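S.K.: Since each chain sits alone in its own frame, please combine them into the complex, following the hints.
Protein chains in written order, with the working numbering: chain A, 2 to 112; chain B, 321 to 432.
FYI, nobody ran anything at the bench for these hints, they're computed from the structure. Bear in mind that the values here come from a model prediction, so they are computed numbers and not experimental data. Yeah, the Cβ is synthetic: ideal placement off N, Cα and C, and Gly gets one too. Take the hints with a grain of salt, since some may be wrong.
[What the hints assert, rightly or not] To be clear about the criterion: a stretch of chain B counts as covered by chain A if any three or more of its residues have a C-beta under 8 Å from a C-beta of chain A, and this derived list gives those stretches:
hint	region
1	362-376
2	382-392
3	411-418
[Said to hold, decoys possible] Derived DSS-like pairs (lysine-lysine); straight-line CA-CA distance at most 25 Å:
hint	chain 1	residue 1	chain 2	residue 2
4	B	LYS419	A	LYS58
5	B	LYS325	B	LYS391
6	B	LYS388	B	LYS374
7	B	LYS376	B	LYS325
8	B	LYS325	A	LYS58
9	B	LYS419	B	LYS325
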Amino acid sequence: DSGVTQTPKHLITATGQRVTLRCSPRSGDLSVYWYQQSLDQGLQFLIQYYNGEERAKGNILERFSAQQFPDLHSELNLSSLELGDSALYFCASSRRTVEYTFGSGTRLTVV
Amino acid sequence: DQQVKQNSPSLSVQEGRISILNCDYTNSMFDYFLWYKKYPAEGPTFLISISSIKDKNEDGRFTVFLNKSAKHLSLHIVPSQPGDSAVYFCAASGSGNEKLTFGTGTRLTIIP
Numbered sequence: 002d003s004g005v006t007q008t009p010k011h012l013i014t015a016t017g018q019r020v021t022l023r024c025s026p027r028s029g030d031l032s033v034y035w036y037q038q039s040l041d042q043g044l045q046f047l048i049q050y051y052n053g054e055e056r057a058k059g060n061i062l063e064r065f066s067a068q069q070f071p072d073l074h075s076e077l078n079l080s081s082l083e084l085g086d087s088a089l090y091f092c093a094s095s096r097r098t099v100e101y102t103f104g105s106g107t108r109l110t111v112v
Numbered sequence: 321d322q323q324v325k326q327n328s329p330s331l332s333v334q335e336g337r338i339s340i341l342n343c344d345y346t347n348s349m350f351d352y353f354l355w356y357k358k359y360p361a362e363g364p365t366f367l368i369s370i371s372s373i374k375d376k377n378e379d380g381r382f383t384v385f386l387n388k389s390a391k392h393l394s395l396h397i398v399p400s401q402p403g404d405s406a407v408y409f410c411a412a413s414g415s416g417n418e419k420l421t422f423g424t425g426t427r428l429t430i431i432p
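Bound-form chain B, shown alone (with noise of 0.2 Å):
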C-alpha cells in the first residue's frame, strides 16, 4: 500500500523556467511532509519541510505547496539550474510518529 505517491517518474525542465514535481497521499495522519533531493552515489539530502498548519512554505527558489482537501503537495523550483537535475523524493510523518514514508521519487532533468 503506498501511502505517499509520486506519480511522474521523471521530469524534463528547460533552464530558467519552472519545475513542479508533485505528491499525493493517502494517509490522514500525516501531519509533517518533506521533500528530499539525491544526486547518483549519494544519500538524500533534506530540501524543504512544511507542517499541515500551514499551506506554503518558501526557501530561496524552492516553494512547497500543500493542499489537505486534496492531499496534495507540490514543490516549485524557479528559475530551475543545471544542478538541480537530481532525484526529488516526497516525504510524510504523522501522530508524532519518527518514521518517514517515502514517495518512489521523481528524476528531474534540466535542460541547459
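Only chain A is shown next, with the shape it has when bound in the complex (with noise of 0.2 Å):
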C-alpha cells in the first residue's frame, strides 16, 4: 500500500457520461498531480494541486476538471465522456518533491 488511494479502480460508462475520481494523498501530502496513461502512451500530465491552490495545468481538456479539498483529497471529473477518454487516470502526491507517491489508478472504460 502506497498511502495513496484512489477510488473506484474501474469504472464503465456509456459516451457523453460525467463521472468523478477521487484521490487521498498521503498523509503529510500537500501537493497532488493527476496523470492519463492512454493504450501504449507514457504518462501524460493532466493538473497539479498543491494544499488546496492550482499549481500547474498540462494538457488537460476543458471537459475535464480538478479541485483539491481542505481536507486535502481531490477528485477528477470527466464529462461528456468519448471513446477516446478511456485510460488509466493516476493520481499522486509528493511533499516538494518530485519524488511522486502514485496510486494504483482508476481504469476508465467508456463504451
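M.R.: Written out as C-alpha cells, the structure reads:
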C-alpha cells in the first residue's frame, strides 16, 4: 500500500456521461498530481494542486476539471465522455519534491 | 512533442545478466531525472533518481548514468532478477518545476 488511495479502481460508463475520480494523498503530502495513461502511451500530465490551489496545468481537456479540498483529497471530473477518454488515470502525491508516490489508478472504460 | 523518449518498447534479458534501459530527452532545462517501475494493476513506484550535477548514482543493484551532453540517461540493473520484470518509466523535471514529464516506458522481461 503506497498510502495514496484512488477510487474507484474500475469504472465503465457510456459516451456522453460524467464521472468523478477520487484521490486521497499520502498523509502529510500537500501536492496532488493527476496523470492519464492511454494505451501504449506514457503518463500524460493533466494537473497539479498544492494545498488546495491549482499549481500547474498540462494538456487537460476543457471537459475535464479537478479540485483539491481542505482535507487535501482531490477529485478529477470528466464530462461529456468520449471513447478516446478510456485510459488509466493515476493520482500521485508528494511533499515539495518530484519523488511522487502514486496510487494504483482508476481504469476508465467508455463504451 | 515527446520531450522524454524511451525508444525501446520492450527488452528481454537472461536472469543474472545486466539489463540496460535507455532514455533520451530534448529539453535542456531538465535538471533532475528519475526512474519508476510499474507492475500490472499497480501504480508506478519510485526507483532511483539523479541530479544533473552528477553523472552517476548507485543504489544496490540499480545504477543510473547521465550524459548531459548527449541528453541521455540509462538505468543498469545487475544482476537482473525475475522480480525485475516490469515496465520502467524514465521521467524528468526542471527549472524548479514539480511537474514530471514521463517517457512511454520499456517493458523489461527477465528470462529465468
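S.K.: Tell me, which hint numbers fail for this structure?
M.R.: 2
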